[in-house]
Amino acid sequence: MDTPSQSIRDLALRLLELEAEDRAADDAKGAERVCAKLHTSLTRFAGVDGFKALTRRSLALARSEIPVLRGVSLDEGGCFVGLGDLAAKAVNDGGAALITHFLWLLVTFVGEPIALRLLREAWPEINIDE
Amino acid sequence: MNTDEKGNSRVRIRQIPTGVPGLDEILGGGLPEYSFNIIAGAPGCGKTTLAHQIIFANATKEKPALYFTVLGEPAIKMLRYQQQYSFFDQAMLEGAIKFINLSQLVLDNDLGAVLDEIIKEVEASNAGIVVVDSFKTVVKKGLASESQVEVHGFIQRLALHLTGWQATTFLIGEYVDGDMRDNPIFTVADGLLWLYQNVDRSSIVRKMQIVKLRGQESVPGLHTFRITDGGLHTFPRTFGLSEQSDKEKGTRRLSSGIAEFDKMLGGGIPEGDSMLIAGPSGSGKSLLASQFINEGLSHGEPGVIAIFEELPSPYVRRAAKLGMDFETPQKNGKLKIIYIRPLDLSVDETVHAIVDAVKTIDAKRVVVDSLVGFEMALAPEFRHGFRESLYRMIGALVRLGVTVVSTVEVEESFGAIDFSNYTISFLAEDLVRLRYISINGQMRKMMMIVKMRGSDHSIDMREYTITTDGIVIGKPLRGYRGLTTGIPGPWSDGSGQNSPSGPEAD
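Chains as they are written, first to last, in the working numbering: chain C, 1 to 130; chain S, 1 to 506.
Since the hints were derived computationally from the structure, they do not count as laboratory data.
A quick note: this is a predicted structure, and the numbers were derived from the prediction, not measured.
Among the clues, some could well be false.
[To be verified] DMTMM-like, lysine to aspartate or glutamate: derived pairs with alpha carbons at most 25 Å apart:
(1) S:K141 - C:D49
(2) S:K120 - S:D179
(3) S:K98 - C:D49
(4) S:K98 - C:D129
(5) C:K29 - C:D85
(6) S:K140 - C:D49
(7) S:K63 - S:E117
(8) S:K63 - C:E121
(9) C:K89 - C:D75
(10) S:K451 - S:E412
(11) S:K61 - S:E33
(12) C:K52 - C:E65
(13) C:K52 - S:E73
(14) S:K120 - C:E121
(15) C:K37 - C:E125
(16) S:K98 - C:E112
(17) S:K120 - C:D75
(18) S:K98 - C:E121
(19) S:K6 - S:D24
(20) C:K52 - C:E112
(21) C:K37 - S:E117
[To be verified] Computed footprint of chain S on chain C; a stretch qualifies when at least three of its residues, placed anywhere within it, have a C-beta under 8 Å from a C-beta of chain S:
(22) 36-50
(23) 113-122
[Claimed, not checked] Over the 12 Å line for every Cβ pair with chain C, so calculated as not near, a few chain S residues:
(24) G19
(25) G29
(26) D177
(27) A259
(28) A357
Beta carbons are placed, not taken as given, at the ideal position from N, Cα and C, and that holds for glycine.
Working from the sequences, and respecting the hints, build out all of it.
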């Protein structure tokens with residue numbers, strides 16, 4: 001199976017940093033906020049079940065890299081919960097892994113142009129293509 | 001407004017293109033603007049692809065298309081597959097086309113809430129095209145909790161709101177024929193496009209029918225279509241036959257490239273005729289047809305060869321061995337060799353391919369080699385109506401003013417003469433028969449002109465040979481009886497006939 005490209009990893013980190021800064025929140029909240037924004041943008045297009053299918057798979061893929069993510073689960077809407085209970089480093093690495101895999105799955109299924117379009121809808125204030 | 005001869009003004013219904021080759025012609029010009037339509041059919045028929053072609057052909061940022069998905073194919077998967085088609089322009093997803101998932105709403109709410117959400121989205125976006133995929137699921141969910149009258153009312157209100165908002169609507173549903181009975185959706189709909197997919201032995205044939213279309217005349221009947229990289233491609237069943245022919249039949253005689261054969265034909269093949277060359281395997285039918293094309297090319301007349309039984313490269317190589325260059329004219333746009341053999345072909349597809357080629361290079365001569373191969377290339381269900389199919393194909397070609405030479409293989413039987421296995425000679429103005437004859441321990445070849453409609457021709461039976469220079473026609477075979485049986489004998493003394501012109505008969 002393909003592994004996430006460097007540009008997708010970088011994009012995931014950018015989104016995490018942005019949400020953490022914007023909300024003056026901790027890293028765990030940052031990851032949860034990225035997930036929440038993705039939820040808003042994607043459920044309109046793919047439905048809650050479509051969104052949950054992607055987050056569930058992202059969680060499984062991220063857990064295989066960072067086993068402590070076993071403590072993270074999904075809420076009813078498909079968003080990640082439980083990141084805040086992890087140690088600081090695990091939060092950073094885990095959040096990045098979850099978002100990276102989510103974005104990469106999206107790219108895998110619908111292609112990069114459509115995936116980036118969906119992200120631009122969620123973050124109209126930033127230049128996703130940079 | 002349009003005004004008729006009585007001075008009545010009528011509203012002019014504009015038509016929107018479908019983006020599907022051939023479908024606008026079937027619809028009578030396109031889809032009526034602001035109409036409320038159903039795209040029905042079993043799974044895998046191409047309903048979603050058809051809807052996508054329509055939205056990609058029409059959506060703009062000012063009048064976008066809204067594609068509501070409801071418990072059908074998930075949007076992520078749908079986009080994954082639909083973007084493989086060449087019509088899928090990703091730039092249009094930047095505001096011209098929007099996908100909205102209504103699955104949860106339909107599951108959690110009544111039809112009133114669904115209607116409200118659709119109206120809200122349509123009004124907010126100023127949508128010009130609306131698709132609900134699958135609408136049958138919406139109705140099914142409604143019927144589980146609401147009365148039939150309420151569902152009927154929902155459909156009525158939806159149609160009224162969307163039409164009133166000047167949107168052209170497409171409701172997609174996996175309907176079967178039985179669903180038509182007592183179903184309000186079919187009553188309310190202005191247009192009903194039904195897609196079918198039939199399996200016959202190992203072949204699949206897709207067909208489409210415009211069951212209903214208010215306000216304009218569509219072409220009745222079932223039209224075949226194929227799903228290609230470019231999406232759906234329809235083949236109107238009246239293609240080439242419905243339009244008025246603007247070509248007047250010429251008065252020239254076209255040379256076949258064989259001077260003696262031209263003499264037998266009374267000076268050549270009458271321009272615009274359809275000639276059938278019937279004969280057994282190896283008798284030179286293809287060679288005769290190739291020489292006809294080659295002769296045209298040498299006089300600057302473009303030609304089309306439709307072959308079904310061998311690939312173009314060996315066909316060209318074989319012609320080269322006989323001194324005919326079919327490579328250069330192909331490069332120069334004077335010759336098209338069409339190889340058609342997918343084994344699930346419809347007649348209409350074949351006609352389209354040949355007619356397109358004729359129009360592209362303005363061909364004057366067409367060879368169909370052979371009708372047996374053509375029949376084999378068809379899906380089994382089309383073989384039942386092969387005679388009708390040939391009628392349509394030849395009819396479409398001669399209306400273009402081209403001269404058509406077709407070959408047909410016949411099973412050679414000694415003792416009787418057949419003209420073809422298909423009794424299709426009625427299609428051809430001119431009929432040439434090649435056959436083997438057994439004379440003096442040799443298997444020789446003989447040709448005769450059986451008929452030329454409205455034209456004098458030779459009644460001689462002529463021996464011919466196949467040489468490296470092509471077909472060479474010998475003298476008339478005289479002094480034999482029973483030549484048409486293939487086992488001639490000499491006329492008995494006192495018969496008044498000439499003695500055999502060749503060696504003694506068997």
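Now for the hints, and whether the structure bears them out:
{"no.": "1", "hint": "S:K141 - C:D49", "in the structure": "holds (18 Å)"}
{"no.": "2", "hint": "S:K120 - S:D179", "in the structure": "violated (30 Å)"}
{"no.": "3", "hint": "S:K98 - C:D49", "in the structure": "holds (19 Å)"}
{"no.": "4", "hint": "S:K98 - C:D129", "in the structure": "holds (21 Å)"}
{"no.": "5", "hint": "C:K29 - C:D85", "in the structure": "holds (11 Å)"}
{"no.": "6", "hint": "S:K140 - C:D49", "in the structure": "holds (20 Å)"}
{"no.": "7", "hint": "S:K63 - S:E117", "in the structure": "holds (18 Å)"}
{"no.": "8", "hint": "S:K63 - C:E121", "in the structure": "holds (19 Å)"}
{"no.": "9", "hint": "C:K89 - C:D75", "in the structure": "holds (23 Å)"}
{"no.": "10", "hint": "S:K451 - S:E412", "in the structure": "holds (20 Å)"}
{"no.": "11", "hint": "S:K61 - S:E33", "in the structure": "holds (18 Å)"}
{"no.": "12", "hint": "C:K52 - C:E65", "in the structure": "holds (20 Å)"}
{"no.": "13", "hint": "C:K52 - S:E73", "in the structure": "holds (16 Å)"}
{"no.": "14", "hint": "S:K120 - C:E121", "in the structure": "holds (19 Å)"}
{"no.": "15", "hint": "C:K37 - C:E125", "in the structure": "holds (13 Å)"}
{"no.": "16", "hint": "S:K98 - C:E112", "in the structure": "holds (17 Å)"}
{"no.": "17", "hint": "S:K120 - C:D75", "in the structure": "violated (29 Å)"}
{"no.": "18", "hint": "S:K98 - C:E121", "in the structure": "holds (12 Å)"}
{"no.": "19", "hint": "S:K6 - S:D24", "in the structure": "violated (29 Å)"}
{"no.": "20", "hint": "C:K52 - C:E112", "in the structure": "holds (20 Å)"}
{"no.": "21", "hint": "C:K37 - S:E117", "in the structure": "holds (21 Å)"}
{"no.": "22", "hint": "36-50", "in the structure": "holds (count 8)"}
{"no.": "23", "hint": "113-122", "in the structure": "holds (count 3)"}
{"no.": "24", "hint": "G19", "in the structure": "holds (20 Å)"}
{"no.": "25", "hint": "G29", "in the structure": "holds (33 Å)"}
{"no.": "26", "hint": "D177", "in the structure": "holds (31 Å)"}
{"no.": "27", "hint": "A259", "in the structure": "holds (63 Å)"}
{"no.": "28", "hint": "A357", "in the structure": "holds (35 Å)"}
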